[in-house]
Amino acid sequence: MGDYDSDEEKSQVEKLRYAKVPRGMFVSGWDDDADELIEEDKNPQASIERMILWAVNENRMSEVREILKLDADTVNARDNDGYTPLHRACYNNFVDIAKVLLQHHANPNARTELGWTPLHSACKWNNSDCAQLLLQFGADVNAESDGQQTPLHITATVSNCRNTATVLLLNRNIQAQTLNNSEETAAVIARRTGMSYPIFEIGHEAYDCETGLID
Amino acid sequence: MMEWYIGNVWQDKTKGLSKKVMTLQFSSLDKPLPVSSVEFSVKKAPLNLGARPSKYLAVSGDGAQQLHSLTMGNATTPIDFYLELLLQQFLLGETSTCSIETKTGDIIEFQLKLERITSNQQVEKLTAAEIYDLALRYKTNGVAMFKDYPKFAFDYFIQAAKLLITYKPFDKLTKASNGIDGSEVEALFVQIQTNLAACLLQEKRYEHVIYHTDFVDTLENPSEKSVYRRAVAFYHLKEFEKAQRTIERVPNYEEKREFCKLRDNIATSWKNSDAHYKSVVQRMFS
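Chains as they are written, first to last, in full-length UniProt numbering: chain D, 1 to 215; chain S, 1 to 286.
Hints may contain errors.
[What the hints assert, rightly or not] Take a look, some chain S residues computed to stay more than 10 Å from chain D by CB distance: (1) Thr140; (2) Pro169; (3) Phe215; (4) Arg245; (5) Tyr253.
[Claimed, not checked] Partner residues are not named here, just some residues of chain D that face chain S (Cβ under 10 Å, in silico): (6) Gln103; (7) Asn107; (8) Trp125; (9) Glu201.
[To be verified] Using 20 Å as the maximum straight-line C-alpha spacing, the simulated SDA-like pairs for lysine to any residue come out as follows: (10) Lys103(S) / Gln136(D); (11) Lys15(S) / Asn93(D); (12) Lys13(S) / Asn93(D); (13) Lys113(S) / Leu170(D); (14) Lys20(S) / His105(D); (15) Lys147(S) / Glu210(D); (16) Lys125(S) / Asn126(D); (17) Lys13(S) / Asn173(D); (18) Lys125(S) / Asn93(D); (19) Lys31(S) / Asn171(D).
Everything labelled a hint here was simulated from the structure, so no lab data went into it. We treat Cβ as the ideally placed atom computed from N, Cα and C, and that holds for glycine.
Next up, chain D with everything else stripped away, as it sits in the complex (with noise of 0.2 Å):
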């Protein structure tokens, strides 16, 4: 049994109510990256959304579970932007609390702004086992964003990808060879960023392979 489901029940979400958060403490470590900063809320406490939101992203397992028994509909709050606590859950590689999120029914397949989804925020910051995870759970793995970015484009273009790759890449229903808004295969872009590229083969379609319907 997973560490996700054993701890205490106490109302957390009115301590966290009432809580004094300290300034700065919803920075994503992530700011590397001027297109994908998640916006810093300075009162997640102004509504339950904005607190499962800011919870998961602290990695507050028993106060998301608190919220959910409170209002399981949180479960599909979204910032500004569009991400889902399972879009935070998963860019943050926090696979128990991405559990407890898929058991109470989070859309595995729910969109950003940009047209993102939980996979390919895993896949962005090369987080394998929330993407094993998500694709174990109906994570569409040829989802395409805004400019036709699959999961896979995402992947290639992380320098050192080789374990989001390899998820990716030996799912049965991968179609690896999709391209992209530029016109460019997940390969060619994997042939540009980094030393994970030699992996980018397995998508060749001399490795397709169907087993069909039995005879």
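Could you slot chain S onto chain D? The hints should help.
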């Protein structure tokens, strides 16, 4: 907590697979991965299985519920191969009605319960040595299935090749730091590609046979099988000169019946294609 999951349906129409959740004793949100071992029970014996072989679905004499242990990646019949794929869609504690549709429209139906996941490994976390062992197992199973179920053998070889590629470039692997030497991995990869070439010839995917047998041009002593399969592919692609040059990689090829037959076919087709070309030229310029 997981009430929404009851009645949930998973399908893979291309393979004719379907699964509907009947009950769930929820304990944790875990499903078996392609590298895992599980225990499952057959709750309802299969309908319409016919004479199709299966290690797990064969009906027991007294009709009692059967508990089975299964390690993924060991199936040697199509039914068991698809049973593994179905089980990978089960949550721990789930009972589901499963079905496998056949080419003739039969629906094989049975009910399974996933009782335990005894081990579950993320493939991207396996060491090079573990990947090698797994790829070798897939290759062995592929060889076992090749005669009766070539499509499934093909799938095993593809999965094996893909696994090895995750550790490319092979020349960086050493016994000391990776548990296996790159040359051993390379040798297995070449064997698997040679097997893939046989499958792809059956599928008439000649360009892909050429792709997988590129090593024939660079290896010092490529196997006869690999040379032959590459030459056959060139022959079907009407690249007769390349086909002939390829069979000449085997020094004593003229002593071998298969090679001689291929050489003769190449020669005849080459001549005919020349004659054909000449007649076209003649017509155009006469």
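Hints, one by one, checked against the model:
no., hint, verdict
1, Thr140, "holds, 18 Å"
2, Pro169, "violated, 6 Å"
3, Phe215, "holds, 13 Å"
4, Arg245, "holds, 22 Å"
5, Tyr253, "holds, 26 Å"
6, Gln103, "holds, 5 Å"
7, Asn107, "violated, 12 Å"
8, Trp125, "violated, 15 Å"
9, Glu201, "holds, 5 Å"
10, Lys103(S) / Gln136(D), "violated, 27 Å"
11, Lys15(S) / Asn93(D), "violated, 32 Å"
12, Lys13(S) / Asn93(D), "violated, 32 Å"
13, Lys113(S) / Leu170(D), "violated, 26 Å"
14, Lys20(S) / His105(D), "holds, 17 Å"
15, Lys147(S) / Glu210(D), "holds, 17 Å"
16, Lys125(S) / Asn126(D), "holds, 13 Å"
17, Lys13(S) / Asn173(D), "holds, 12 Å"
18, Lys125(S) / Asn93(D), "holds, 15 Å"
19, Lys31(S) / Asn171(D), "holds, 15 Å"
In this structure, the earlier hints numbered 2, 7, 8, 10, 11, 12 and 13 are contradicted, and the remaining ones agree with it.
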